[in-house]
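Enquirer: Sequence:
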Amino acid sequence: MTVTGKVPFTGNVTHKLDPKSRVAVPANWRATQEGVLVMIEAHNEGRPVLKCYTQESFAEKIEAIREYAREHGVNPGELDQYVGKITGCSFEAEVSSQGKLLIPKPQRERMNLSDSATIVGRGTYFEIWSPLDFEAIHSAEAMSRLQLDRLFHILS
Numbered sequence: 010m011t012v013t014g015k016v017p018f019t020g021n022v023t024h025k026l027d028p029k030s031r032v033a034v035p036a037n038w039r040a041t042q043e044g045v046l047v048m049i050e051a052h053n054e055g056r057p058v059l060k061c062y063t064q065e066s067f068a069e070k071i072e073a074i075r076e077y078a079r080e081h082g083v084n085p086g087e088l089d090q091y092v093g094k095i096t097g098c099s100f101e102a103e104v105s106s107q108g109k110l111l112i113p114k115p116q117r118e119r120m121n122l123s124d125s126a127t128i129v130g131r132g133t134y135f136e137i138w139s140p141l142d143f144e145a146i147h148s149a150e151a152m153s154r155l156q157l158d159r160l161f162h163i164l165s
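For the working numbering, add 9 to where a residue sits in the sequence shown, where the first one is 1.
Simulated from the structure, these hints should not be mistaken for laboratory data. Computed from a predicted model, the values in this text were never measured in an experiment. Some clues are possibly wrong.
To be verified - Here are the simulated lysine-lysine pairs, PhoX-like style, with alpha carbons at most 25 Å apart:
#	residue 1	residue 2
1	Lys109	Lys29
2	Lys60	Lys70
3	Lys60	Lys29
4	Lys114	Lys94
5	Lys29	Lys94
6	Lys109	Lys25
7	Lys25	Lys70
8	Lys29	Lys70
9	Lys94	Lys70
10	Lys60	Lys114
11	Lys94	Lys25
12	Lys60	Lys25
Claimed, not checked - If you anchor each label on the Cβ, the simulated ranges turn out as follows:
#	residue 1	residue 2	range
13	Pro28	Gln156	41 to 47 Å
14	Gly86	Glu150	38 to 44 Å
15	Ser106	Gly55	16 to 22 Å
We put the beta carbon where it would ideally sit given N, CA and C, even for glycine.
Turn these sequences into a full structure, and let the hints steer you where they fit.
Expert: Right, dumping it as structure tokens:
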């Protein structure tokens, strides 16, 4: 699988935050990011997460939302409001030449990040989690609630 002709974001790793509140991005992902990411706060099972897209994959996500809305007859005004909320909650962040990504203080506090962060590949983007929250949603109990493996038989 390639992501727009580049290495996909796969796997997960937990890294310490440095004193400037930066986290190291896995080395094999750095070339994929081209330096600037679009980040957006989201929630997964009620837990805060930062979704990190390349500029290209973020634009593709917005276009996919627009295409789906057109195909399903969504009111254009409502669609514009929805896309506006997404873009209004997003912000750009740069990966430094040392491969570190700054997590702004407001996001760090809302995510309860203290000394480390878990970075999780999602194919076309990656997520940043509190290590405790990531562990909680990947517990055996949480995974059993998904029941998707019964359909796809990938993890069984």
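Enquirer: All hints, please: hold or fail.
Expert: Here's how the hints hold up against the structure:
no., hint, result
1, Lys109 <-> Lys29, "holds (10 Å)"
2, Lys60 <-> Lys70, "holds (12 Å)"
3, Lys60 <-> Lys29, "holds (20 Å)"
4, Lys114 <-> Lys94, "holds (21 Å)"
5, Lys29 <-> Lys94, "violated (29 Å)"
6, Lys109 <-> Lys25, "holds (11 Å)"
7, Lys25 <-> Lys70, "violated (30 Å)"
8, Lys29 <-> Lys70, "violated (30 Å)"
9, Lys94 <-> Lys70, "holds (14 Å)"
10, Lys60 <-> Lys114, "holds (16 Å)"
11, Lys94 <-> Lys25, "violated (31 Å)"
12, Lys60 <-> Lys25, "holds (18 Å)"
13, Pro28 <-> Gln156: 41 to 47 Å, "holds (43 Å)"
14, Gly86 <-> Glu150: 38 to 44 Å, "holds (41 Å)"
15, Ser106 <-> Gly55: 16 to 22 Å, "violated (36 Å)"
When held up to the earlier numbered hints, the structure conflicts with 5, 7, 8, 11 and 15 and fits the remainder.
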